[in-house]
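Each chain is listed here by its residues.
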Amino acid sequence: GAVVSQHPSRVICKSGTSVKIECRSLDFQATTMFWYRQFPKQSLMLMATSNEGSKATYEQGVEKDKFLINHASLTLSTLTVTSAHPEDSSFYICSAEPNYGYTFGSGTRLTVV
Amino acid sequence: AQKVTQAQTEISVVEKEDVTLDCVYETRDTTYYLFWYKQPPSGELVFLIRRNSFDEQNEISGRYSWNFQKSTSSFNFTITASQVVDSAVYFCALSLSGGAQKLVFGQGTRLTINP
Chain A
1270 GAVVSQHPSR VICKSGTSVK IECRSLDFQA TTMFWYRQFP KQSLMLMATS NEGSKATYEQ
1330 GVEKDKFLIN HASLTLSTLT VTSAHPEDSS FYICSAEPNY GYTFGSGTRL TVV
Chain B
155 AQKVTQAQTE ISVVEKEDVT LDCVYETRDT TYYLFWYKQP PSGELVFLIR RNSFDEQNEI
215 SGRYSWNFQK STSSFNFTIT ASQVVDSAVY FCALSLSGGA QKLVFGQGTR LTINP
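Quick mapping for you: the protein sequence lines, in order, are chains A and B. Taking our numbering, I'd label the letters of the first sequence as residues 1270 to 1382. Taking our numbering, I'd label the letters of the second sequence as residues 155 to 269.
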């Protein structure tokens, strides 16, 4: 089956630093990658949609300068949280749709201290 | 715009009881997909089922069953003879068809199965 590998699974960073999260499609080409954020005990909310070779589309209320998304190849999409603050602490998860259903990465739990 | 509502925030039952998780959706599109996902404490999303809008047949997979009713815009999920391992947060979600479409998630139902 289609697999999306997401790293790191857990990261703790200091306030003001940047963190990069990677999602790789291992056995298929992901033209589109979705990035979701989930705060504790809440649902998953779409942050942005990235398309290979073009600029990402951000949902309303998501700061595009803070959450940088790069989708430079058909197998790799990255989310960089720049100048992270404690309120950015959350669970971030990526997803792709390889033609027959959505497949999700295992998620990244970000804690900003 | 699409919307998915899971009115039950938390459900707690004793092991071996049957439990139904409700899901109501809204969309003006005639072609769409409905999903259920399980999210255990580790956080990953486990795919349970995908149903397209043209297929209203109920589905059974082991102890799991799904009831899709377009007339009431509902896609309910029943676990029969629940087990402690079923404890998790369950999400209902909807996507439109055609190309890569985002998933719109419900608020989730936290299910606790007590021994």
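Everything labelled a hint here was simulated from the structure, so no lab data went into it. Errors might be hidden in some of the hints.
[Unchecked claim] Below are the BS3-like pairs computed for lysine-lysine, each with C-alpha atoms no more than 25 Å apart in a straight line:
no.: 1; chain 1: B; residue 1: Lys192; chain 2: B; residue 2: Lys224
no.: 2; chain 1: B; residue 1: Lys192; chain 2: B; residue 2: Lys157
no.: 3; chain 1: A; residue 1: Lys1324; chain 2: A; residue 2: Lys1289
no.: 4; chain 1: A; residue 1: Lys1310; chain 2: B; residue 2: Lys224
no.: 5; chain 1: B; residue 1: Lys170; chain 2: B; residue 2: Lys224
no.: 6; chain 1: B; residue 1: Lys192; chain 2: A; residue 2: Lys1335
[To be verified] Now the stretches of chain A that chain B is said to cover, found in silico as 3 or more residues with beta-carbon under 8 Å:
no.: 7; region: 1345 to 1359
no.: 8; region: 1371 to 1381
Ideal placement from N, C-alpha and C gives every residue a C-beta, glycine not left out.
(message) Check the structure against each numbered hint from earlier and tell me which ones fail, lowest number first.
(response) 4, 5, 6, 7
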